[in-house]
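Counting from 1 along the sequence shown, just add 315 to a position and that's the residue number in our numbering.
I should point out that these hints are in silico values taken from the structure, not numbers from a laboratory. Note that the Cβ used here is the ideal one computed from N, Cα and C, for glycine as well. Do not rely on the hints blindly, as some may be mistaken.
What the hints assert, rightly or not - No more than 30 Å apart at the CA atoms, straight line, and that leaves these computed lysine-lysine pairs for DSSO-like:
| id | residue 1 | residue 2 |
| --- | --- | --- |
| 1 | Lys681 | Lys616 |
| 2 | Lys714 | Lys524 |
| 3 | Lys450 | Lys681 |
| 4 | Lys614 | Lys714 |
| 5 | Lys328 | Lys524 |
| 6 | Lys714 | Lys625 |
| 7 | Lys625 | Lys614 |
| 8 | Lys524 | Lys614 |
| 9 | Lys506 | Lys616 |
| 10 | Lys450 | Lys524 |
| 11 | Lys328 | Lys377 |
| 12 | Lys616 | Lys714 |
| 13 | Lys506 | Lys450 |
| 14 | Lys614 | Lys681 |
| 15 | Lys377 | Lys450 |
| 16 | Lys681 | Lys714 |
| 17 | Lys614 | Lys377 |
| 18 | Lys450 | Lys328 |
| 19 | Lys377 | Lys524 |
| 20 | Lys328 | Lys614 |
What the hints assert, rightly or not - The following label-pair restraints were derived from C-beta to C-beta distances:
| id | residue 1 | residue 2 | range |
| --- | --- | --- | --- |
| 21 | Leu350 | Glu700 | 25 to 33 Å |
| 22 | Ala587 | Leu350 | 49 to 57 Å |
| 23 | Glu404 | Glu700 | 17 to 25 Å |
| 24 | Arg604 | Asp577 | 39 to 47 Å |
| 25 | Gly508 | Arg615 | 18 to 26 Å |
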Amino acid sequence: MAEKSGCRFCGGKLQMVVDLGLSPPCESFVPPERLDAPETFYPLVVEVCEDCFLVQLEEHVKATDIFPEYAYFSSYSDAWLEHARRYVEAITARLDLGPESFVVELASNDGYLLQHFVARGIPCLGIDPAANVAKAAEARGVPTLVAFFDRALGERLAREGRQADLVVGNNVLAQVPDLHSFVSGIARLLKPGGVATLEFPHLLELVEKNQFDTIYHEHYSYFSLLSAERILAAHGLRVFDVETLWTHGGSLRLFVCRDENDALTTRQSVGALLARERDRGLHRLETYRRFGERVAETKRKLLSFLIAAKNEGRRVAAYGAPGKGNTLLNYCGIRTDFIDYAVDRNPYKHGRFTPGTRIPIFPPEKIAETRPDYVLVLPWNLEEEIRSQLAYIRDWGGKFVVPIPEARVF
316 MAEKSGCRFC GGKLQMVVDL GLSPPCESFV PPERLDAPET FYPLVVEVCE
366 DCFLVQLEEH VKATDIFPEY AYFSSYSDAW LEHARRYVEA ITARLDLGPE
416 SFVVELASND GYLLQHFVAR GIPCLGIDPA ANVAKAAEAR GVPTLVAFFD
466 RALGERLARE GRQADLVVGN NVLAQVPDLH SFVSGIARLL KPGGVATLEF
516 PHLLELVEKN QFDTIYHEHY SYFSLLSAER ILAAHGLRVF DVETLWTHGG
566 SLRLFVCRDE NDALTTRQSV GALLARERDR GLHRLETYRR FGERVAETKR
616 KLLSFLIAAK NEGRRVAAYG APGKGNTLLN YCGIRTDFID YAVDRNPYKH
666 GRFTPGTRIP IFPPEKIAET RPDYVLVLPW NLEEEIRSQL AYIRDWGGKF
716 VVPIPEARVF
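Model the full structure from these sequences, guided by the hints.
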């Protein structure tokens, strides 16, 4: 593991964890008129800080280049919509939110979550840098500010008298290159008695379940509670409760308040999870070294399966064209020599091609038309939902293939 320096949080020395090769930005789907144009590939090298154990990527691709127009719309997953609905129901009751409250969501996407606060008559504001998804949110009646959230915006909203009772940040902390500015912005945006909830994929799950495909350029950092607690504390914020979630292959939901908020005592769940992470070795470099070795083995097993399938004359299609799928396809070198096409529920992607690997993307109905032998499930975190939607492939003997943590056939 070669030594480097420059942790984006503490400035500590970095050690390489795994090299996933070169990939284009994972949401840069290629329109047909640009099939003859070049793409820019960037190194996808994962590193860990020796001091704070923040896992991170170098900022090869600027957030301002990724997010002004974004291909990901949250509302195309039924399971994710239900997750959001249940969260709103639970947090409204827990914090006793009502018409006098104010909720702000950071990276609010297409209004998938805030629409439920709107329906309850609870004032809210979405903040998202992608104009195309913000337009979809506005169509749902969700007021949305098109902007990157940072310290300056948090201070501005506070000056305008728009501090929040609840700040929601679902799967956004990983997408922030300047953690100090973002987290200090949350501290300024919160009312003195306010609460922030932050959800992100749990580094422990990523490491133990070999979820290397969740690593891509727009995710600059990968968090354990050990690292996240330290980052939040540096800006006067305290984790007072934590929940584990099913989303994205295993996530955390942190409940955060200002450190001086004595009304919210720190629950046992926080200490228990910190102890579990230490017990599993997230504070030891050797843990990350072993992860890198397993990633290479998973690549070899998936390619062996696909080579055997093609040698037998089998047809393979991919379900979904998520960011994680594009990391997997590029790292493994999987193109149309292995996969005939991909399908996705998001109309934005139809008629386009996967970045780097140039696999054509169609509506889901393509699977019934062509009856492939295998369907490779790229958004494996939604495996149950997808297997239910595509149960009909069994009519012709079709089977599902889930690539993570290693290739499995159902």
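Given hint Lys714 paired with Lys681 - CA-CA distance at most 30 Å: 16 Å, holds
State, for the Cβ atoms of Gly508 and Arg615, whether the hinted interval 18 to 26 Å holds or is violated. 53 Å, violated
Given the hint that Lys524 pairs with Lys614, does the C-alpha gap stay at or below 30 Å? Within the cut-off at roughly 14 Å; holds.
Tell me if the straight-line CA distance from Lys450 to Lys328 falls inside 30 Å. Between Lys450 and Lys328 the Cα gap is close to 42 Å, so the pair fails against 30 Å, i.e. violated.
Taking the CB of Arg604 and the CB of Asp577, does the distance hold inside 39 to 47 Å? 42 Å, holds
Lys328 paired with Lys377 [C-alpha distance capped at 30 Å]: 22 Å, holds
Return holds or violated for the Cβ distance of Ala587 and Leu350 against the range 49 to 57 Å. Between Ala587 and Leu350, where Cβ atoms are some 52 Å apart, the hint holds.
Holds or violated: Lys506 with Lys616, Cα cutoff 30 Å? 51 Å, violated
What's the verdict on Lys328 and Lys524, does the C-alpha distance respect the 30 Å limit or exceed it? Since the Cα atoms of Lys328 and Lys524 sit roughly 26 Å apart, the hinted pair holds (cutoff 30 Å).
Between Lys614 and Lys681, is the straight-line Cα distance small enough, at 30 Å or below? 27 Å, holds
Given hint Lys524 paired with Lys450 - CA-CA distance at most 30 Å: With Cα atoms ~36 Å apart, Lys450 and Lys524 exceed 30 Å; violated.
Would the pair Lys614 and Lys714 pass a check requiring their Cα atoms to be no farther apart than 30 Å? 20 Å, holds
Hints 9, 10, 18 and 25 from the earlier list are contradicted by this structure; the remaining hints agree with it.
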